[in-house]
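Visitor: If you read the sequences in order, they're chains H and C. Residue numbering for the first sequence follows this note's numbering, beginning at 7 and increasing consecutively. Residue numbering for the second sequence follows this note's numbering, beginning at 106 and increasing consecutively.
Hints may be right or wrong, so weigh each one.
Computed footprint of chain H on chain C; a stretch qualifies when at least three of its residues, placed anywhere within it, have a C-beta under 8 Å from a C-beta of chain H [said to hold, decoys possible]:
{"no.": "1", "stretch": "123-129"}
{"no.": "2", "stretch": "212-225"}
{"no.": "3", "stretch": "301-309"}
{"no.": "4", "stretch": "336-342"}
{"no.": "5", "stretch": "498-511"}
Using 25 Å as the maximum straight-line C-alpha spacing, the simulated DSS-like pairs for lysine-lysine come out as follows [what the hints assert, rightly or not]:
{"no.": "6", "chain 1": "H", "residue 1": "Lys-87", "chain 2": "C", "residue 2": "Lys-374"}
{"no.": "7", "chain 1": "C", "residue 1": "Lys-259", "chain 2": "H", "residue 2": "Lys-35"}
{"no.": "8", "chain 1": "H", "residue 1": "Lys-209", "chain 2": "C", "residue 2": "Lys-434"}
{"no.": "9", "chain 1": "C", "residue 1": "Lys-274", "chain 2": "C", "residue 2": "Lys-259"}
{"no.": "10", "chain 1": "H", "residue 1": "Lys-209", "chain 2": "H", "residue 2": "Lys-330"}
{"no.": "11", "chain 1": "H", "residue 1": "Lys-137", "chain 2": "H", "residue 2": "Lys-123"}
{"no.": "12", "chain 1": "C", "residue 1": "Lys-374", "chain 2": "H", "residue 2": "Lys-193"}
{"no.": "13", "chain 1": "H", "residue 1": "Lys-35", "chain 2": "C", "residue 2": "Lys-374"}
{"no.": "14", "chain 1": "H", "residue 1": "Lys-35", "chain 2": "C", "residue 2": "Lys-354"}
{"no.": "15", "chain 1": "C", "residue 1": "Lys-133", "chain 2": "H", "residue 2": "Lys-307"}
{"no.": "16", "chain 1": "C", "residue 1": "Lys-406", "chain 2": "H", "residue 2": "Lys-37"}
{"no.": "17", "chain 1": "C", "residue 1": "Lys-476", "chain 2": "C", "residue 2": "Lys-269"}
{"no.": "18", "chain 1": "C", "residue 1": "Lys-269", "chain 2": "H", "residue 2": "Lys-232"}
{"no.": "19", "chain 1": "H", "residue 1": "Lys-35", "chain 2": "C", "residue 2": "Lys-183"}
{"no.": "20", "chain 1": "C", "residue 1": "Lys-370", "chain 2": "H", "residue 2": "Lys-35"}
{"no.": "21", "chain 1": "H", "residue 1": "Lys-232", "chain 2": "H", "residue 2": "Lys-37"}
{"no.": "22", "chain 1": "H", "residue 1": "Lys-37", "chain 2": "C", "residue 2": "Lys-185"}
Treat the hints as calculated values from the structure; they're not laboratory data. Remember, predicted model here, so these are calculated numbers, not experimental data. Note that the Cβ used here is the ideal one computed from N, Cα and C, for glycine as well.
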Amino acid sequence: MSTYLIDIIGLIDVVVNAYRTDREDMTNKYKLNYLEQLESESIHIMREGVAQFERPALLFSGGKDSITLMHLAVKAFAPAKVPFLLLHIDTGHNFPEALEFRDGMAREWGATLIVRKVEDTIQKKSLTEPKGKFASRNWLQTYTLLDVIEEFKFDACIGGARRDEEKARAKERIFSVRDEFGQWDPKLQRPELWNTYNGRIHKGENVRVFPISNWTELDVWNYIRKENIPLPRIYFSHEREVIEHEGQFIAVSPFIRIDQTDVITTKRVRYRTVGDMTCTAAVESEANSLDEVVNEIIATKISERGETRIDDKVTEAAMEDRKKNGYF
Amino acid sequence: MDILRFITAGSVDDGKSTLIGRLLYDSKNILIDQLEAIEKSTNANGEVDLALLTDGLRAEREQGITIDVAYRYFSTPKRKFIIADAPGHVQYTRNMITGASNVNLMIVLVDARLGVIEQTRRHSIIASLFKIPQIIVAVNKMDLVDYSQEVFNKIVNEYSALAKSLALKEIKFIPISALNGDNIVDRSSKLAWYEGECLLDWLETVEVYHNINLDDARFPVQLVIRPQTEELHDYRGYAGKITSGIYKKGDAITVLPVGIRSKIKTIEKDGIEIEEAFAPQSIVLTLEDDIDISRGDMISKTDNQPAVSNELQVLLCWMDNKPLIAGNKYYLQLNSRLVRIVVREIEYRLDVNTLEKEYNPIGLRLNDIVKVTLKAASPVPYESYSRMSGNGGGILIDETSNSTVAACMIL
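Using the sequences and the hints given, assemble the complete structure.
Guide: What follows is the structure, given as structure tokens:
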């Protein structure tokens, strides 16, 4: 080969390599990390949930997932206020700390919070209260939710469910169409491609929109830490009177039945998830800061729902059955 | 840390759910209570059925098949993974497509006893259509063919021929037994003749194709933000997610399909002004001029615009039980743009077995892949899917049932 050709080839190499380095620099500069990618995806979904519907609502309980959701909503619609109502179905069995926090945050965001009580639905419809040691109103919430959807003609409810929570949830679409009874039909879900969400529905139907579907429990905690999002204090270590039941610690409250065989002890605990006092268990913990909580979540050997929810253990298909009946 | 999204594909009973169960189990990503739950539902012979980890619906457990795609999340010190565990049954291909549309990699499971079959071809065609950049062919049930290298090599040759005709390039072949855990998380001594990586090693190290185009800036408007407060009385912000490219303050832009020009006044993220933004960020743009822009419009740079047309050549994956009929009207949803279209002309159907084009086909049904011409009621800014998937893939919606009836890839 002539030196002339070798020079040309060498020159091409230099140009190609320079181009490559240039591209790599550019790709590294314009790259989102994992949490940023999730955040952007969720904001996009949240905006679709508003753009495609007439009357959306955001389900807000004062728990860490719905707080994260609201944090994302504030970002999605800034500098305008969030363009929907906040809705909470109050079972009457909530942690007072979560309710206090719920009201405080709604005020701070300048959002309108609608609260509907399961108690009222029970009276109005003469529903039968479940019985037992940890009688949970979890099933009954659905009646109240469907009533308020009807009352306000909500066509979309934005919620903080995640697919890693439970295996029926792992199957649900991001836009989940419910019939006029609020029912989920897992065998007839719409295909959902790319980032294109089909929110077209018939009158009476509604859509549950799940912007943080692809987040794991750890992602939520990492995001809360990164963004320094305030949480109710029950998520951090505190002293509480508990009874032990099948290896789980349940807070002493007027909503559970204390039997003579129960031993009430005071433990240092925190909550990993905040549901009803009747069906949420505490974990022993000394974690006082977000860093410490995140470290404990990383080290845990038990799933979020498994460790803290009593209601999912009843049957293999407990969540699927609830969803088919209109539950979130 | 980066993230790899992958899907498992294969026919019924090829062992997809078992494979995922095995991956989670052997990489210690199954938590104690989840294991207890499946142990509780294990049958009389006492073996843990790993497929029960992902088959979450009652009907799935009853029938022992996967009906809909389930998403699973796990991580190793090297990477985070999002798995779409997809059904293999041909009846549920649309659910498989749902999973396939958002992944970087597809694991195609092949039963070592059966080799390449129709579902292998169907799923590989889907990988090709959806431009999935990486493929792993996992030859499963090697234990049932005495871990034979000959059987493996035969399948490698068979699949390589198929891959060539589908222009699939990055393919890795791995012999495995999901049931016994051979070559999943650790190299198996029973497959000593295989010198490559085991499945998890490959998943941890394969290049993640970010598939993000930074050259051609495209911004579909999702909604208009109008605070209507006293201090922001005239504020109009255009909210959306950048599908590709980079936007900077002062950029000359053109709004499509109308073609009105302006300049970017501000770029805001989370309500805070920034100098530039890039794909896939969700942002708000404000413009120098007060112009009429609404959901479905596209803001591109004036010196680099997408094509705009009323007539689109597309490939459709038909996903509805009702047949596709030429002359019928549907909605096309492409990003935020929703337009009525009519299916003009059906040119050919792709034969899944021979990969041949069948011209002027009749009786188009569920799972057919067809090339058609769409005529839209208003102009659509678009790209070819193979060049810019973020602005070239849409869905067709039935006007009467509201169902999503087709995946639509613009040519």
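Visitor: For each hint, tell me whether it holds in the structure or not.
Guide: Consistency of the hints with the structure:
| no. | hint | result |
| --- | --- | --- |
| 1 | 123-129 | violated (count 0) |
| 2 | 212-225 | violated (count 0) |
| 3 | 301-309 | violated (count 0) |
| 4 | 336-342 | holds (count 3) |
| 5 | 498-511 | holds (count 7) |
| 6 | Lys-87/H <-> Lys-374/C | holds (15 Å) |
| 7 | Lys-259/C <-> Lys-35/H | violated (45 Å) |
| 8 | Lys-209/H <-> Lys-434/C | holds (21 Å) |
| 9 | Lys-274/C <-> Lys-259/C | holds (19 Å) |
| 10 | Lys-209/H <-> Lys-330/H | holds (19 Å) |
| 11 | Lys-137/H <-> Lys-123/H | holds (19 Å) |
| 12 | Lys-374/C <-> Lys-193/H | violated (39 Å) |
| 13 | Lys-35/H <-> Lys-374/C | holds (17 Å) |
| 14 | Lys-35/H <-> Lys-354/C | holds (17 Å) |
| 15 | Lys-133/C <-> Lys-307/H | holds (10 Å) |
| 16 | Lys-406/C <-> Lys-37/H | holds (21 Å) |
| 17 | Lys-476/C <-> Lys-269/C | holds (21 Å) |
| 18 | Lys-269/C <-> Lys-232/H | violated (46 Å) |
| 19 | Lys-35/H <-> Lys-183/C | holds (21 Å) |
| 20 | Lys-370/C <-> Lys-35/H | holds (23 Å) |
| 21 | Lys-232/H <-> Lys-37/H | holds (18 Å) |
| 22 | Lys-37/H <-> Lys-185/C | holds (16 Å) |
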